[in-house]
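> Next come the chains, spelled out residue by residue.
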Amino acid sequence: MSIVQADSLVKKYGGIAAVDGVSFSIEKGQIFGLLGPNGAGKTTTISILSTFLEPTGGEAAVDGLSVRRQAGKVREIIGFVPQEIALYPTLTALQNLKFYGKMYGLGGALLDERCRDVLELVELWERRHDNIEKFSGGMKRRINLGAGLLHGPRFLLLDEPTVGVDPQSREHIFDTIFKIRDNGATILYTSHYMEEVELLCDHIAIMDRGKVIASGTLKELLKMLGEGGVIELEVAPPGCPAGLKEKIQGQQEVTATRSEDNKLFVSSSNSARSLPPVLKVLEQSGCQISSLELYAPSLEKLFIQLTGKELRE
Amino acid sequence: MPAIKKLWYVTAKDLLIVAKDRGAWMTLLVTPLVVIVVVSFALSPIYKGGSLHATMLVTNHDAGSLGKQLTDALAASPNITIQPASDRESQTLKQSGSSSGLSLVIPKNFSARVQAGERVQLQVYEDPNSTTSAPFLKGMIDGAVNRFSAVEVAAKVAVAEAVEQNRQADASAVASQASAAASAQMQNQPIQTREQPAGGVKTLNTFDIETPGFAVMFLLFGVMIGAEGLLEERDKGTMGRLMVAPVSRASILGGKLFAQFIVSVIQITLLFAVGHFAFSMDTGSSLAGLALMLVATAFTATSFGLLLAALTKTRRQASSIGILAILLMSALGGSWWPLDIVPSFMRKLGHLSMNAWALDGIKGIIIQGQGLADILPQAAVLFAYGSVCFLIGLKMFKVRAA
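Here the protein sequences line up with chains A and B, keeping their order.
Just so you know, the first sequence maps onto residues -6 to 306 in this note's numbering.
Just so you know, the second sequence maps onto residues 29 to 430 in this note's numbering.
Simulated from the structure, these hints should not be mistaken for laboratory data.
Quick caveat, the model's predicted, so the values are computed rather than measured.
Glycine included, every Cβ here is placed at the ideal spot set by N, Cα and C.
Hints are supplied without guarantee of correctness; some may be wrong.
[To be verified] With the C-beta cut set under 10 Å, the calculated list includes, among others, these residues of chain B facing chain A:
1. A40
2. L270
3. A273
4. A278
5. G282
[Claimed, not checked] Derived lysine to aspartate or glutamate pairs resembling EDC-like cross-links, with alpha carbons at most 20 Å apart:
6. A/K212 - A/E191
7. B/K341 - A/E77
8. B/K426 - A/E47
9. B/K264 - A/E20
10. B/K48 - A/E126
[Claimed, not checked] If you want the ones that stay clear, here's a sample from chain A, every Cβ over 10 Å from chain B, calculated:
11. S1
12. S59
13. Y186
14. D195
15. H196
16. E213
17. T248
For reference, chain A alone in the conformation it holds in the complex (with noise of 0.2 Å):
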């Protein structure tokens, strides 16, 4: 049963779309991972699941309510952790927490276990009188966190919650989203750094220039690359003879062939076996190879050899 369904949502700026026809849909209980570099479009989309800005076609709906007409409805279910640490740096830790829980209108003794349960579950209980101000950038993280989750939100929507945290914090984040994800909530979460994505999100989302190129979970996105892995093959002269792809894709074990300039790609089930009958038929068609590269699949190549660079640029 999806609790969020994100149909060709478009948000542009002057002529400029930042989010492109983005459509996805998230099952409930589920962590659903935004992959992308930086400027893909995650923030954007993010920003309009949470009611911040308006789309500019397209439409999202959480739980059933619309996020352009229901959305005072919308925000008293979601809970919303900024990229930025959106946190009051001279009030303490119980101060901050006790002002949002305020304005998500808890109050009295609700507010007081509220602010213990989410410090104890961010492991910041003993801290709770200290500025923000004095903690580390791993700490505020945690607290950032927690300020989304005091009045128990359904759907949970975390901005890159581990920018710039030492992995111990990383660490202590994930087990939190976890626990929360244990206790009913459904994620989505957004992030630039694919071991993340591929460590928590049940489904996984990979944007860029504000499309979605790919979607599906870990084992489907891998299988896009073949389960057993990459030949890269760099061959002179550039460009493929006619059929040769055709040729290489009827090779034992190989799944799906792509060139691109003087490179060519080859995902197969069992690289190691596939290897010497591709490298006969490319004997065979007079290409020379001047590099051979064999790797494992992940992310990190899926979206190379969808969009022909680093994840990272």
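Once you've looked at the hints, dock chain B against the given chain A.
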């Protein structure tokens, strides 16, 4: 009701932040107080509350008694210190590292020539750039010289009369006696002036004049910091986070502005309270009128802060444009000097700034002794001024950074 409650939570949070910020209180209270105290003491001689004191260099080449009498007459004034000087020192107005606004050179044979009825010129050197001590000293010299001239003329008339009536009289002795008698009469000052404050105009304390002007200026600097805070909240994501919480834009902005208004009222009230209790600044006879003016001024300043935040995109822009606007408004609006001394067109131009209206009302109460009813027009203009700034600012302020 939840909207009002949330507005108050935003206000309470901002007040807590300001209360914990020592730097903010330095800017809001300590800096203005230091400036007000320094300026008030420095300018006290200009106003009635203090007296001007100046040093005059005197070079006396006269061997007779009149040169000394003239010097003694000048030295008799409690506001003048006479420093004997050389010709060179008198010409340059400089002596041992110190300087004077004016010097007097009494020529040789001054006594003899005066008594012989000759026209004698005293040489006066004055600093053309001195706008206070030189005219003051020149006035003192003119007064003394006029007295001497009157004495000598009176003496000569007396001598002529005596010689006419008694042809055997010793003219020289008679002249000397007449001169002494006339001089003694002049000491008694047969014609005197009596000074008294004009009806309804009281004697001013410099703090009466300087505290309101600088308090209004620093109030504007306070709201400029508030405007920067508004932009910072937008840029650092806290406002964005609030915008996706179930709380209205009106509650967020209203709460922040209400906090700024409360801080402004506290700031200007404390500045006036310190002026009154520590430096005897008058608060007039209408506390209600003064309170209304302070509230109206704080409201207008707060609205100005919102407008500043709305018209600028970054904190740096708000700071640079804010400083320029505040200094301009303060100069034109009478925060630094009374508008009574500026040309008429500058006075009209000055009333484009909120400072002029605020100071007209506040000074009306504490200097001119006006009441609540008298300052209602100024308060109304301020509320109207603030409302226009508020509405434009509210309309133009973007909660999302561009």
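> Each of the hints needs a verdict: does it hold here or not?
Evaluation of the provided hints:
{"no.": "1", "hint": "A40", "result": "holds (8 Å)"}
{"no.": "2", "hint": "L270", "result": "holds (6 Å)"}
{"no.": "3", "hint": "A273", "result": "holds (5 Å)"}
{"no.": "4", "hint": "A278", "result": "violated (13 Å)"}
{"no.": "5", "hint": "G282", "result": "violated (14 Å)"}
{"no.": "6", "hint": "A/K212 - A/E191", "result": "holds (10 Å)"}
{"no.": "7", "hint": "B/K341 - A/E77", "result": "holds (18 Å)"}
{"no.": "8", "hint": "B/K426 - A/E47", "result": "holds (14 Å)"}
{"no.": "9", "hint": "B/K264 - A/E20", "result": "violated (32 Å)"}
{"no.": "10", "hint": "B/K48 - A/E126", "result": "holds (13 Å)"}
{"no.": "11", "hint": "S1", "result": "holds (22 Å)"}
{"no.": "12", "hint": "S59", "result": "holds (15 Å)"}
{"no.": "13", "hint": "Y186", "result": "holds (20 Å)"}
{"no.": "14", "hint": "D195", "result": "holds (24 Å)"}
{"no.": "15", "hint": "H196", "result": "holds (23 Å)"}
{"no.": "16", "hint": "E213", "result": "holds (31 Å)"}
{"no.": "17", "hint": "T248", "result": "holds (43 Å)"}
Violation of the numbered hints given earlier is confined to hints 4, 5, 9; the remaining hints are satisfied by the structure.
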